[in-house]
Amino acid sequence: AQTVTQSQPEMSVQEAETVTLSCTYDTSESDYYLFWYKQPPSRQMILVIRQEAYKQQNATENRFSVNFQKAAKSFSLKISDSQLGDAAMYFCALIQGAQKLVFGQGTRLTINP
Amino acid sequence: KAGVTQTPRYLIKTRGQQVTLSCSPISGHRSVSWYQQTPGQGLQFLFEYFSETQRNKGNFPGRFSGRQFSNSRSEMNVSTLELGDSALYLCASSPGLLAALQETQYFGPGTRLLVL
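Heads up: the protein sequence lines correspond to chains A and B, in order. Each step along the first sequence adds one to the number in this note's numbering, with nothing skipped, and position 98 is 188. Each step along the second sequence adds one to the number in this note's numbering, with nothing skipped, and position 113 is 139.
This is chain A alone, in the form it adopts within the complex (with noise of 0.2 Å):
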């Protein structure tokens, strides 16, 4: 069975600082995806960037960017220049074989003005 594991609860970060949020996995399939979705207090879903397991090229999005280590089954999301809209809850989620999303427990990021 896959698994998504976040091992950090709560980040906080300054203004304008850079953060990175850490996510491991664990699949035996060779072909799937991975996401990073940002919930607000609103608790709106928003997708923040995926990326493709047969890609080597980290996927990026203007200020968020990706650390894929597929051998280490690493997937941590760094965001830079963080900004105030950037607090929420960040869930990294995986999609394989399953044909579902399986999501992390999240990690809550507080940005500090």
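To be clear, the hints were calculated from the coordinates, so they are not data collected in a lab. Ideal Cβ positions, reconstructed from N, Cα and C, are used throughout, including at glycine. Treat the hints with care, as some may be off.
Here's a subset of chain B near chain A, in silico, CB distances under 7 Å, partners left out [stated by the list, open to error]:
hint, residue
1, G68
2, L69
3, F71
4, N82
5, L124
6, F133
7, P135
8, G136
To list a few chain B residues with every Cβ distance to chain A over 12 Å, as calculated [stated by the list, open to error]:
hint, residue
9, T33
10, R41
11, G42
12, G54
13, E78
14, G88
15, R89
16, F90
17, S96
18, E101
19, N103
20, S105
21, L109
22, L116
23, L142
Put chain B on the given structure of chain A with help from the hints.
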């Protein structure tokens, strides 16, 4: 394009009652999935519907059921409500089946259900 919409946004029920939640996907999206989010269990997959057929199901009892209409709108029903069913229920849509793996799911704002 309008996003995924869910109704109602908030609901209070008592044990033993049943409830129906509704989800309208993004226009053109044919797959609708439902998730339950609780503080203890986190986010858990309930089921996926595509072309009016249930394609995948999570580990939930038979009290949880759903359906999808020809316009891709979906409803989720929970019968004989228990206190533990209190949760945020999230609906997500994607253009195609999740089995394609490359599909990205877009989530609605959720329905918060409180069972007393």
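Cross-check of the supplied hints:
Given the 7 Å rule on beta carbons, the hint for B/G68 holds: about 5 Å separates it from the nearest Cβ of chain A. Evaluation of the B/L69 hint against chain A yields a held restraint, the C-beta minimum of about 4 Å falling below 7 Å. Here the hint on B/F71 is kept, as its CB sits about 4 Å from the closest CB of chain A, short of 7 Å. Because the beta carbon of B/N82 sits about 5 Å from the nearest beta carbon in chain A, less than 7 Å, this interface hint is met.
Checking B/L124 against chain A by beta carbon gives a least distance of about 5 Å; that is within 7 Å, so the hint holds. Of the supplied interface hints, the one on B/F133 holds, with its beta-carbon coming within about 4 Å of a beta-carbon of chain A, less than 7 Å. A least Cβ separation of about 5 Å between B/P135 and chain A falls short of the 7 Å threshold, and the interface hint therefore holds. A hinted interface residue such as B/G136 counts as satisfied when its beta carbon comes closer than 7 Å to some beta carbon of chain A; here the least separation is about 5 Å, so the hint holds.
Look at B/T33: its CB is around 15 Å from the nearest CB on chain A, clear of 12 Å, so calling it non-interface holds up. Every C-beta of chain A lies more than 12 Å from that of B/R41, the closest at about 24 Å, which supports listing it as non-interface. At roughly 27 Å, the least C-beta separation between B/G42 and chain A is larger than 12 Å, which holds for a residue marked as non-interface. Distance check on B/G54: its Cβ is at least 17 Å (rounded) from any Cβ of chain A, clearing the 12 Å threshold; non-interface status holds.
At roughly 18 Å from the closest C-beta of chain A, the C-beta of B/E78 stays outside 12 Å, upholding its exclusion from the interface. Distance check on B/G88: its Cβ is at least 18 Å (rounded) from any Cβ of chain A, clearing the 12 Å threshold; non-interface status holds. Even its closest Cβ contact with chain A, about 19 Å, leaves B/R89 beyond 12 Å, as expected for a residue assigned away from the interface. For B/F90, the requirement that its beta carbon stay farther than 12 Å from each beta carbon of chain A is met, with the minimum near 14 Å.
Annotated as non-interface, B/S96 keeps its C-beta farther than 12 Å from every C-beta of chain A; the closest such distance is 23 Å. Look at B/E101: its CB is around 19 Å from the nearest CB on chain A, clear of 12 Å, so calling it non-interface holds up. Every beta carbon of chain A lies more than 12 Å from that of B/N103, the smallest distance being close to 20 Å; the non-interface claim holds. The non-interface label for B/S105 is consistent with chain A: the shortest C-beta to C-beta separation is roughly 23 Å, beyond 12 Å.
Annotated as non-interface, B/L109 keeps its C-beta farther than 12 Å from every C-beta of chain A; the closest such distance is 21 Å. Not every Cβ of chain A is farther than 12 Å from the Cβ of B/L116; the closest lies at roughly 6 Å, contradicting the non-interface assignment. Distance to chain A confirms B/L142 as a non-interface residue, since its nearest Cβ pair spans about 21 Å, more than 12 Å.
The structure is inconsistent with hint 22 alone, although it conforms to all the rest.
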